[in-house]
Amino acid sequence: MDLYISQELNQADKNYIRNKMVEFNLMYFPDDLKGRYQEVNLYLKNGDGQIFGGIISEICWNWMEVEYLFVDEQLRRLGYFEVYGVIQNAGGHTHYYLKKDF
Numbered sequence: 001m002d003l004y005i006s007q008e009l010n011q012a013d014k015n016y017i018r019n020k021m022v023e024f025n026l027m028y029f030p031d032d033l034k035g036r037y038q039e040v041n042l043y044l045k046n047g048d049g050q051i052f053g054g055i056i057s058e059i060c061w062n063w064m065e066v067e068y069l070f071v072d073e074q075l076r077r078l079g080y081f082e083v084y085g086v087i088q089n090a091g092g093h094t095h096y097y098l099k100k101d102f
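When the letters of the sequence shown are read in order and numbered with full-length UniProt numbering, they come out as residues 1 to 102.
For the record, the hints were derived by calculation from the structure and aren't laboratory data.
All figures in this text were calculated on a predicted structure; none of them were measured in a lab.
Treat the hints loosely; a few may be bogus.
Only pairs whose alpha carbons sit at most 30 Å apart, straight line, appear in this in silico DSS-like list of lysine-lysine [said to hold, decoys possible]:
no.: 1; residue 1: LYS99; residue 2: LYS14
no.: 2; residue 1: LYS34; residue 2: LYS100
no.: 3; residue 1: LYS99; residue 2: LYS45
Beta-carbon label-pair distances, calculated as ranges [as the list claims (entries may be wrong)]:
no.: 4; residue 1: MET1; residue 2: VAL40; range: 37 to 45 Å
no.: 5; residue 1: TYR4; residue 2: GLN74; range: 46 to 54 Å
no.: 6; residue 1: LEU75; residue 2: LYS20; range: 36 to 44 Å
no.: 7; residue 1: TYR37; residue 2: GLU82; range: 24 to 32 Å
no.: 8; residue 1: CYS60; residue 2: GLU82; range: 20 to 28 Å
Don't be surprised by glycine CBs; every beta carbon is placed ideally from N, CA and C.
All chains should be modelled from the sequences, with the hints used to inform the complete structure.
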């Protein structure tokens, strides 16, 4: 069998990989966590509805995966999210892990 790596924007292939990963993970998760899925999108707005930040994410089983996080520059470092981990020089950049206790 000849295999090759393909780099392309293909939603069907992306869904296939995601679904196969979920299928595999479901074999090892407790029954009470298997059906837990919720899309969670949170927005930081002022009284006029202007957006100053937000999170695009999903809760799956017992964790939350944040796909996008944005906080307007004027509001950064004011405590809306706490940095709890840092990976230096990850691909030439710094990766930050953030949390917010509610």
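Against the structure, the hints:
Restraint check: the Cα-Cα separation between LYS99 and LYS14 comes to about 27 Å, which is no more than 30 Å; the hinted pair holds. Distance restraint check for LYS34 and LYS100: the Cα-Cα separation of roughly 25 Å lies within the 30 Å cut-off, and the hinted pair is therefore satisfied. Of the supplied pair hints, the one linking LYS99 and LYS45 holds, its CA atoms being roughly 19 Å apart against a limit of 30 Å. Checking the proposed 37 to 45 Å range against MET1 and VAL40 shows it holds: the Cβ atoms sit about 41 Å from each other.
Restraint check, TYR4 to GLN74: a C-beta distance of roughly 47 Å satisfies the suggested window 46 to 54 Å. As the Cβ distance of LEU75 to LYS20 is approximately 39 Å, the hint placing it in 36 to 44 Å holds. In this structure the supplied range 24 to 32 Å holds for TYR37 paired with GLU82, their Cβ-Cβ distance being about 26 Å. As the Cβ distance of CYS60 to GLU82 is approximately 22 Å, the hint placing it in 20 to 28 Å holds.
Hint compliance for this structure: no hint is broken.
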